[in-house]
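Student: Residue strings, one per chain:
2 protein chains.
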Amino acid sequence: MADFSVQSSEKAIGVFDSGLGGLTCVSELMKLMPSENIIYFGDTARVPYGTRSKETILEYARQDVNFIKSFDVKMIIAACGTVSSVVGKQKDFAGDVPFTGVVIPAVQAACAATRNGRIGVIGTAATIRSGAYGKAIRNIRQDAVVIGNACTMFVPMVENGITDKNDIVVKEMIKRYLEPIRRENVDVLILGCTHYPILHEAIAEYMGEDVRLISSGAEAAKFTMNMLAGKNMLSERTESGKVSYYTSDSKELFEANAHAFIGSRLMGEVTQISIDDIIQK
Amino acid sequence: MADFSVQSSEKAIGVFDSGLGGLTCVSELMKLMPSENIIYFGDTARVPYGTRSKETILEYARQDVNFIKSFDVKMIIAACGTVSSVVGKQKDFAGDVPFTGVVIPAVQAACAATRNGRIGVIGTAATIRSGAYGKAIRNIRQDAVVIGNACTMFVPMVENGITDKNDIVVKEMIKRYLEPIRRENVDVLILGCTHYPILHEAIAEYMGEDVRLISSGAEAAKFTMNMLAGKNMLSERTESGKVSYYTSDSKELFEANAHAFIGSRLMGEVTQISIDDIIQK
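From first to last, the protein sequence lines stand for chains B and S.
Take the first sequence: its position 262, counting from 1, is numbered 262 in the working numbering, and each next residue is one higher.
Take the second sequence: its position 270, counting from 1, is numbered 270 in the working numbering, and each next residue is one higher.
Don't take each hint at face value.
Which copy is meant is left open, because identical chains are indistinguishable; a pair holds if it fits in one copy or across any two.
Quick list of in silico lysine-lysine cross-link-like pairs, DSBU-like style, CA-CA up to 35 Å [what the hints assert, rightly or not]: (1) Lys251 - Lys135; (2) Lys54 - Lys165; (3) Lys251 - Lys11; (4) Lys91 - Lys31.
Hints in this document: simulated from the structure, not taken from any laboratory.
With the hints as extra help, turn the sequences into a complete structure.
Tutor: Structure below.
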């Protein structure tokens with residue numbers, strides 16, 4: 001087990017994602033815990049994960065975790081709906097470092113928010129195929145009705161800046177993917193992929209104001225804060241924390257595309273690492 | 001140099017792509033030269049290449065070539081607009097094995113077809129950023145006017161089956177990407193990515209019947225036939241050739257998605273290989 005001493009509390013929080021979507025989680029971590037140091041790894045040389053097989057996703061996720069662990073972090077967040085779904089309940093996925101995905105945090109928030117027990121879940125093909133959200137929901141609330149749908153075009157749309165709620169392509173794709181969920185009268189919809197908050201406004205407009213949207217990345221950030229607080233592992237730093245970004249493709253592409261996810265300019269240093277180094281570790 | 005003896009002519013033709021798009025080239029090879037053996041590798045564990053940096057694409061392409069070379073093929077085709085553009089004119093990219101990308105074949109066909117010297121080029125972000133098609137066109141025809149545009153959503157659209165010419169999303173995305181090209185009165189349009197022939201009908205309808213569409217993968221197949229004929233290296237087999245497919249992600253996903261590109265069921269065996277094995281070679 002990790003050493004939960006006072007010193008450990010000053011270690012960084014490690015966050016990884018297939019690409020840039022996990023930055024929506026980092027953004028929330030920075031809001032909630034501004035004094036924490038954060039290490040972020042976005043595997044942009046192999047993004048997306050959501051269209052790949054379970055075995056390939058697990059292999060990539062293990063390599064990502066090993067890379068993040070090389071920084072001696074106090075906690076690791078898989079800020080990626082696909083990885084979280086495929087890994088499932090493996091609490092020890094990062095060995096002796098506390099680990100969470102986004103599924104359990106999002107599901108806890110959804111179960112607390114629903115009134116009628118009807119919950120929608122959207123995510124990548126691999127996420128929906130895994131059934132991970134549905135299983136986790138029924139663990140908390142056996143009678144819940146879960147309606148899932150894979151929104152395979154949302155990630156490319158977000159990555160290509162096609163996100164405006166008045167854009168006809170955005171409206172049309174949202175209707176195709178969400179109509180089967182809306183007609184089931186859900187009152188909560190889990191955005192089960194960390195790219196999707198960028199489409200929040202457009203999705204909210206389509207679903208209507210009676211449907212509460214749950215952002216899986218933001219919930220993972222809150223969950224992390226509570227978990228660290230419970231273990232007495234929040235940083236006692238008084239100055240602002242430092243965020244360091246690592247990317248497996250070019251630094252320039254990362255910087256150019258990150259601002260849509262982080263909501264502002266990146267405040268930390270970006271370093272490119274070679275995926276071959278990760279694999280050979 | 002390779003051994004251009006009679007025996008060499010019975011070796012297979014090697015074809016690779018980032019994923020499934022290169023199958024549009026395989027389909028043409030099978031039509032033109034039904035008795036040739038073909039080895040196809042689709043790097044589905046790392047698809048797409050077109051959104052990545054030049055360095056990462058080159059690294060992946062080198063690994064792909066090394067894998068294909070392990071089969072002792074008589075010729076290698078990079079049936080991928082992105083790889084072909086980034087590699088550029090490196091004829092020795094596969095060492096002593098004759099090598100072609102899709103750029104030169106497509107450009108030769110475009111220059112032969114144009115009457116007014118105004119040529120449109122569409123491809124991935126990396127392809128358009130490279131300027132490879134424009135440079136190759138001006139090498140043949142200095143006065144040509146080349147209008148390029150990156151159609152970054154076409155690959156995800158094709159991979160998600162959003163290709164029907166009457167689909168409002170297809171119509172709208174084609175208009176966004178092709179309007180700047182159509183208004184320049186091109187009379188030839190190069191489909192510079194091997195995914196794009198799947199959108200052929202919709203693109204043809206938008207561009208109008210006076211614009212000739214050039215499919216880069218099909219042109220690479222014709223180019224290969226001519227090149228092999230010129231070197232006296234066409235197979236003299238009388239029975240049908242064998243096509244063997246290799247994929248870096250799951251065999252099942254490959255088989256499920258391939259038919260859109262090959263126009264029929266796959267007639268050959270699919271084998272999954274590990275990308276780690278390629279890298280460590």
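Student: None of the hints should be skipped; say for each whether it holds.
Tutor: Results for each hint:
1. Lys251 - Lys135: between (38 Å within a copy, 27 Å between copies)
2. Lys54 - Lys165: both (32 Å within a copy, 33 Å between copies)
3. Lys251 - Lys11: within (25 Å within a copy, 42 Å between copies)
4. Lys91 - Lys31: This pair counts as within: shortest intra-copy Cα distance 26 Å, inter-copy 53 Å.
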